[in-house]
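Since each chain comes alone in its own frame, lean on the hints to assemble the complex.
Spelled out from the first residue to the last, the chains are:
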Amino acid sequence: MNGDRGLDELLAADPVDAGCAAGFEVLHQYVEEELGGGDPVRTQPGLAAHLRSCPACREDYRGLLEAAEQFGDARPVVP
Amino acid sequence: MARRAASLRLRGPELEDLAQQATDDALMAIRTKVAGFRGESRFTTWAYRFVMFEVSTKMGRHFWRERRASLDDEAWERLPDTGVDSPQRSGEQRELFAALRRAIDEDLTALQRRVFVAVALNEVPMDAFAREVGASRNTVYKSLFDARRKLKASLGAAGYERPYSLSGSR
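Going line by line, the protein sequences match chains A and B.
Using my numbering, the first residue of the first sequence is number 1, and each one after it goes up by one.
Using my numbering, the first residue of the second sequence is number 1, and each one after it goes up by one.
Excised from the complex, chain B in its bound form (with noise of 0.2 Å):
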């Protein structure tokens, strides 16, 4: 959890608190589940895996009050920088990324429009978005793995394939 905690500025008072809200939130689940455990792995590794859960829960919730990135932001010039060198290049770039726009805007729905460019383009944290439109995380990663998927069909179609190189894969 400390290493988590860095990245949304957690300390103090504030971090035992949701330390503790993890713990009590994880216990209880390790109760209701523990008749399910097969022995598969020792017993703390399967508990922990509550743990984890929690604490990622209990980090999308506070992930909001440090930053309140706007989930429709859509932040196209944060596209990926490739390495660009050359005027060419920077001509297919930017077709691919018009390609690319496209989709989005006119392929995807509007769910998987929100998870994409709130997950993979802003890197909001998917349990913190998976919070703010109540949904399970299960249920975000499915429309973002279907927009990924679209979208991948859609480059396809308009003549770019994996791995999409600069150097002109049309």
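Next up, chain A with everything else stripped away, as it sits in the complex (with noise of 0.2 Å):
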């Protein structure tokens, strides 16, 4: 364990916390809020409170903003 992760945060359980699956079913629309400039920590905050909450899907968030970023306009290659 970290030392510099305090007893709130290992005991963090917002009730509006949306949870991994409800999540996952707008996780797209929060990142592409995100990208574009707007605020989806205010839009879905039942969400937002998920990610600050749970690891592993915050690490999926993480992972598909980066890629969103770089890739988000890729097009497939016609040969």
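A hint or two may mislead.
Under the rule of at most 20 Å between Cα atoms (straight-line distance), these lysine to aspartate or glutamate pairs were calculated in the EDC-like manner [claimed, not checked]:
id	chain 1	residue 1	chain 2	residue 2
1	B	Lys152	B	Glu106
2	B	Lys142	A	Glu9
3	B	Lys142	A	Asp8
4	B	Lys150	A	Glu9
5	B	Lys150	B	Glu106
6	B	Lys150	A	Asp8
7	B	Lys152	A	Glu9
8	B	Lys142	A	Glu59
9	B	Lys142	B	Asp107
10	B	Lys142	A	Glu25
11	B	Lys152	A	Asp14
Keep in mind the hints are simulated off the structure, nothing from the lab.
Please read these numbers as outputs of a predicted model, since none were measured by experiment.
In structure tokens form, the structure reads like this:
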């Protein structure tokens, strides 16, 4: 366990937390809104709360944000 | 995937193999789900979600090969060091953690205790834990969420409220 994690973080359980399955359903919209300069923390508070508390979904979110930013406009290569 | 691979010391052919498995399974998921794409985002962003999920799943599988962490190791000595700087605060911290320990032992179900100790205290990845116990990530998270909620309630009943300050919140 990292020394810089406090007890508050260990016990984080926000009642608006959407959960993994519901969060996955809208994660792409959340990421697109963020990349578009919007504020998904305000518009999707349930997923925002979940990403603060769920290390697995937070890792997926980071990966998706990076992939969408770098390869979001990729097109199929037609031979 | 390369970013996550570093923490698991994955490299070379093994990393390539894992990447190929994740790609194959993600493509299968995308084919199955593509009729549900409603244009709420770019198609690529919608599709990359499945890639991220499959990468997490494969990483979770690999985790146990690299680190045989005990799911039931309570690791109390690793509870957060929040910067104790006086004998009085040290005593308050001990009381707080003793209350937390009691709550973990007495107020959680067996699964909640196991999830909290493994994922929250020992930092076992949720997908690795889910694989070990044969549950979905969502189910594991729900148990973790319920455990955290119960522990907060137990600490509250014992007179501790957030933020759990060492200056004495009782």
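Tested hints:
1. For a cut-off of 20 Å, the pair hint linking Lys152 of chain B to Glu106 of chain B stands: about 13 Å separates their Cα positions.
2. Between Lys142 of chain B and Glu9 of chain A the alpha-carbon distance is near 16 Å, which keeps this suggested pair within the 20 Å criterion.
3. Simply put, Lys142 of chain B and Asp8 of chain A have alpha-carbon atoms about 18 Å apart, close enough for the 20 Å limit, and the pair holds.
4. Simply put, Lys150 of chain B and Glu9 of chain A have alpha-carbon atoms about 15 Å apart, close enough for the 20 Å limit, and the pair holds.
5. Pair hint Lys150 of chain B plus Glu106 of chain B holds up; C-alpha atoms about 11 Å apart against a cutoff of 20 Å.
6. Between the alpha carbons of Lys150 of chain B and Asp8 of chain A the distance comes to roughly 14 Å, so the proposed pair stays at or under 20 Å and holds.
7. Our distance criterion of 20 Å between C-alpha atoms is met by Lys152 of chain B and Glu9 of chain A, whose separation comes to about 11 Å.
8. For the proposed pair Lys142 of chain B and Glu59 of chain A, the alpha carbon gap of about 18 Å is at most 20 Å, so the pair holds.
9. A distance of roughly 16 Å separates the Cα atoms of Lys142 of chain B and Asp107 of chain B; the hinted pair therefore holds under the 20 Å criterion.
10. For the hint linking Lys142 of chain B to Glu25 of chain A, the alpha-carbon distance of about 17 Å falls within 20 Å, and the restraint holds.
11. Pair hint Lys152 of chain B plus Asp14 of chain A holds up; C-alpha atoms about 11 Å apart against a cutoff of 20 Å.
In this structure, every one of the numbered hints holds.
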